[in-house]
Amino acid sequence: MAILEKTELVLNAAGRMVPEIANGRPQIPYLGVGKYKPDGNKAAPPIRTAADYPESGDKRVADLETALRKCGLRDGMVISSHHHLRDGDRVALMALEAAARIGVKDLMWFPSASFPSQKSAIELMASGVIEHIEGSMNGPLGDYCTQGKMRGMGVLRSHGGRWQAIQDGEVHIDIAVIAAPTADSFGNCDGSHGKSACGSLGFALADSIYADHVIAVTDNLVPFPCIPWQIQGNNVDYVVTVDSIGDPAKIVSGTTQITRSPDRLRIAELVALFLRDAGILRNGFSFQAGAGGIALAFVSYLKRMMKDAGVKARFVRGGSTKYLVELLEEGLTDYILDGQTFDLSGVQSMANNPRHVATSPFTSYNYHGKGNFASLVDAVVLGATEVDENFNANVVTHSDGRLLHGIGGWQNCLAAGCTILAVPSFRDRIPVIVDQVTTLCGPGELIDVVVTERGIAINPRRQDLMDAVKGSKLPIRPLQEIKSEVERICGGKPQRLKRGDRPVAVVKWVDGTVLDSVWQVV
Amino acid sequence: MSAGIETPAKPAGEAGHWGADIRSDVHVRIEPCERGGIEVALESRVKPYYGESIRRQSEEVLEALGVKHARVAIHDEGALPFVIAARIESSARRAGLGEGTRVLPDRFPLPEPSARDRMRRSRLYVPGSEPKYFINAGLHGADAIILDLEDSVHPNEKDAARLLVRNALRAVDFLACERMVRINQLPLGLEDLEEIVPESPDLILIPKVESASQVIEASQKIAEIKANYGITRPIWLMPILESALGIENAYEIATVTQEIAALTIGLEDYTADLGVAKTASGAESLFARQRMVNAAHAAGVQAIDSVFGDVGDVEALRVWALNSRAMGFEGMGCVHPVQIAVIHQAFAPTQAEIEKAQMIVAAYHEAEQKGLGVVSLGSKMIDAPVVQRALKLMARAQAMGLVR
Chain A
1 MAILEKTELV
11 LNAAGRMVPE
21 IANGRPQIPY
31 LGVGKYKPDG
41 NKAAPPIRTA
51 ADYPESGDKR
61 VADLETALRK
71 CGLRDGMVIS
81 SHHHLRDGDR
91 VALMALEAAA
101 RIGVKDLMWF
111 PSASFPSQKS
121 AIELMASGVI
131 EHIEGSMNGP
141 LGDYCTQGKM
151 RGMGVLRSHG
161 GRWQAIQDGE
171 VHIDIAVIAA
181 PTADSFGNCD
191 GSHGKSACGS
201 LGFALADSIY
211 ADHVIAVTDN
221 LVPFPCIPWQ
231 IQGNNVDYVV
241 TVDSIGDPAK
251 IVSGTTQITR
261 SPDRLRIAEL
271 VALFLRDAGI
281 LRNGFSFQAG
291 AGGIALAFVS
301 YLKRMMKDAG
311 VKARFVRGGS
321 TKYLVELLEE
331 GLTDYILDGQ
341 TFDLSGVQSM
351 ANNPRHVATS
361 PFTSYNYHGK
371 GNFASLVDAV
381 VLGATEVDEN
391 FNANVVTHSD
401 GRLLHGIGGW
411 QNCLAAGCTI
421 LAVPSFRDRI
431 PVIVDQVTTL
441 CGPGELIDVV
451 VTERGIAINP
461 RRQDLMDAVK
471 GSKLPIRPLQ
481 EIKSEVERIC
491 GGKPQRLKRG
501 DRPVAVVKWV
511 DGTVLDSVWQ
521 VV
Chain B
1001 MSAGIETPAK
1011 PAGEAGHWGA
1021 DIRSDVHVRI
1031 EPCERGGIEV
1041 ALESRVKPYY
1051 GESIRRQSEE
1061 VLEALGVKHA
1071 RVAIHDEGAL
1081 PFVIAARIES
1091 SARRAGLGEG
1101 TRVLPDRFPL
1111 PEPSARDRMR
1121 RSRLYVPGSE
1131 PKYFINAGLH
1141 GADAIILDLE
1151 DSVHPNEKDA
1161 ARLLVRNALR
1171 AVDFLACERM
1181 VRINQLPLGL
1191 EDLEEIVPES
1201 PDLILIPKVE
1211 SASQVIEASQ
1221 KIAEIKANYG
1231 ITRPIWLMPI
1241 LESALGIENA
1251 YEIATVTQEI
1261 AALTIGLEDY
1271 TADLGVAKTA
1281 SGAESLFARQ
1291 RMVNAAHAAG
1301 VQAIDSVFGD
1311 VGDVEALRVW
1321 ALNSRAMGFE
1331 GMGCVHPVQI
1341 AVIHQAFAPT
1351 QAEIEKAQMI
1361 VAAYHEAEQK
1371 GLGVVSLGSK
1381 MIDAPVVQRA
1391 LKLMARAQAM
1401 GLVR
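Those sequence lines, one after another, are chains A and B.
FYI, the numbering for the first sequence is 1 to 522, going by this note's numbering.
FYI, the numbering for the second sequence is 1001 to 1404, going by this note's numbering.
Be careful, since some hints might not be right.
[Unchecked claim] Pair ranges (Cβ atoms, derived):
1) Lys307/A / Asp1151/B: 53 to 61 angstroms
2) Leu1286/B / Ser484/A: 25 to 33 angstroms
3) Arg477/A / Asp1151/B: 51 to 59 angstroms
4) Arg427/A / Gly1096/B: 35 to 43 angstroms
[Unchecked claim] With the Cβ distance kept under 10 angstroms, some of the chain B side facing chain A (calculated, not the full set):
5) Arg1023
6) Val1046
7) Ile1135
8) Asp1173
9) His1336
Calculated from the structure, these hints are not laboratory results.
Glycine is no exception: its CB is placed at the ideal position from the N, C-alpha and C atoms.
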């Protein structure tokens, strides 16, 4: 395939220049929130017949290479993998390396996210086995992409956007390889038990339903039935057993640590105070926060406020950690609806507590679902690398243009009732509040509050929130004022960086339209 | 001497820190040369954003210092401009350059002078050699920030920390916090005053004070510098008593000058002086603390307690602080911002105290209105000191935002 064929750029509804074609496929420029509504039928996998599968239910084959051959692996196919084992995953590389041994070229790797430990995929790209990656690229792989070294164009999607692309046929998965901490020989898979337990396998669910072929890879084979069957064996073609699917130390952290940075603690406390004073913290409310240092500290402040106010949540959204598990066990929430599990307490809780529920992006984030529950969450606390005066935010690139993070569920979470970005106002002298974000990932109209250590800025579109906190002691300030203060502290605005004129990746909006381009770094 | 072509004029000087774990600091090495002008080699983690600005600033600072020929190596870890200026000046001075010249960053408008009896419940210690802690120190709501030049600064870093703190007093907005500096024990502390006093700190802590004459020495030096710079606003003093002798002389020390706003105690050194262990209950320092409280009150200055070192143990801090208030202290030191709220809560009057004081104050006003000489509440007569205490408590409660 031609290397990044010359493509026309068009201006989308967010005012960003985006390519009309990516990896040979025509693209729809972003039209606005909730504007793009494709019709027709959803994609579907080929019809299969139970008679073609062993009556014994035993779908085991010798190894991954055999499984890939049986799936008919050939040049140019799409192989998918998932990041529920996070930086500890061994299966994705195992599959890609097996493909390399088979001798195929030009694969599209379709991970739900890639991690630094998978950086040897760079060699597979250099040798031609992988043509390009569509999926979040964390660390070295993102760097490789923005250096312009990847042959095809990177496509960055949210967790929900990945479902959307699979369901509306934008991406057709030829072979899905699912790492299973526990599985039976029929192909039922569970993530919450086994030596490599990770919690939920939700990221692999769409692939198991829509891929042409599905391979389950496990290091903990149990006799039928594997319960719970988070992935149903009825969708699985082959089962492969290996010694180890991942490095347990990197799958979940033993303990997730609350930040000790005074500034970050202050941000976390301000977020919790905002929820309290804005009246969002009330009986039956719901919230979502990640597993970063600020988010964890936020949960511990919020917990104290919930106890003081005698308030209980109906549900909290994972990624779960021991701090969410404590809320559940102390009766401060009825449920944890968990997308992924970050520490051991989370994994154990999901395995043992029926109120700690594994979810997938289908229920939480999917654009082609008949609704999804992201919009039912009262408040979400997110990070960002940059935010501009109009509350537009970036979460994938740094100000120097390097692609270093994935979108994850970030874009999908913007649908919450109150979307809060909890960010320091500057990092190492580099202001976080900028004139224009390097890469647009979230339209400002969906971002309601920016909380920094220097004050809280409410989006002027949310007069209701402004009114709600009127008379409180919160340091509410215009975002512009915080921005100017930080520029004064940092000794002026940073120099404007020159960017390359070649798009190396696109950022999709949750509906599959192109929200922005990531440019080659010069 | 080496036979090199460019013979160094003087040995090189360096200051600051760099490395993967260092943040908001910069390392500068200046090698004086005979000729060749200024040559700056810059490495910076913010180079794409502020590389030009750092170069420009280094040239300006070197010019102001009168450095004409030098090789300058800068390893920057995202230091703010006031830090970069201080580090360049330090390294130049260490290379024997720029003697007697100060390169001062733009001055942020000075806050209102502080009152002698202002509220001093919490004072947050910030190590004077760690600029990363400076910039947001004021955000955490402490009554005061102490930029420390003494125990938290390595003996080899005293000169450099002095310039960092000086520049911070000019360039950093400490918001509503009283701006305090802890100088070194005299006579080194007198050198600190040379750099610090021109920047009008609100209060100076003098460590290890054992006699009134030490306070006089510092006070005279301050007066001299203030006169030279035409500074009229007050700079209050807080002697730190850290030995048995200091405690014995507490009253004399507290009354030696009107510039003294408070006495405080350093328990690490005090217990070391006694040769006893410092315990959680503080039994070994009970006498010293009571004695100091009594001396301070007799002298009409505030009594401020020591710091509580165990950042992890919030509950023990609460117990200590409540006890501290009960003993007559008006505040404590903090080594981490998480301690501030706990201390403020402990030093706040309780709701019951406020209600009782409100009734007494109301009765007092009523008696005044009626021209009665005696204040009474119900059938009880209220003594004048009780009224005074109630008035003071209400003023404090008001300052803490507990009553309207």
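Can Arg1023/B be said to touch chain A, with a Cβ gap under 10 angstroms? holds, 6 angstroms
Does Asp1173/B hold up as a contact with chain A if the rule is Cβ-Cβ below 10 angstroms? holds, 8 angstroms
Hint Ile1135/B vs chain A: min CB-CB distance below 10 angstroms? holds, 6 angstroms
Between the beta carbons of Arg477/A and Asp1151/B, is the distance compatible with 51 to 59 angstroms? For Asp1151/B against Arg477/A, whose Cβ atoms are near 36 angstroms apart, the range 51 to 59 angstroms is violated.
Interface hint check: His1336/B, Cβ to nearest Cβ on chain A, cutoff 10 angstroms. Holds or violated? holds, 7 angstroms
Take the C-beta atom of Lys307/A and the C-beta atom of Asp1151/B, compute their distance, and say whether it sits inside 53 to 61 angstroms. With a Cβ separation near 39 angstroms, Lys307/A and Asp1151/B fall outside 53 to 61 angstroms, so the hint is violated.
Double-check Val1046/B for me: the hint is only fine if its C-beta lies closer than 10 angstroms to a C-beta in chain A. holds, 5 angstroms
Holds or violated: the 35 to 43 angstroms window for the beta-carbon distance between Arg427/A and Gly1096/B? Once the Cβ atoms are compared, 37 angstroms apart, the range 35 to 43 angstroms for Gly1096/B and Arg427/A holds.
Beta-carbon spacing of Leu1286/B to Ser484/A - inside the hinted bounds 25 to 33 angstroms or not: Between Leu1286/B and Ser484/A, where Cβ atoms are some 51 angstroms apart, the hint is violated.
Of the numbered hints stated above, those contradicted by the structure are hints 1, 2 and 3, listed in ascending order.
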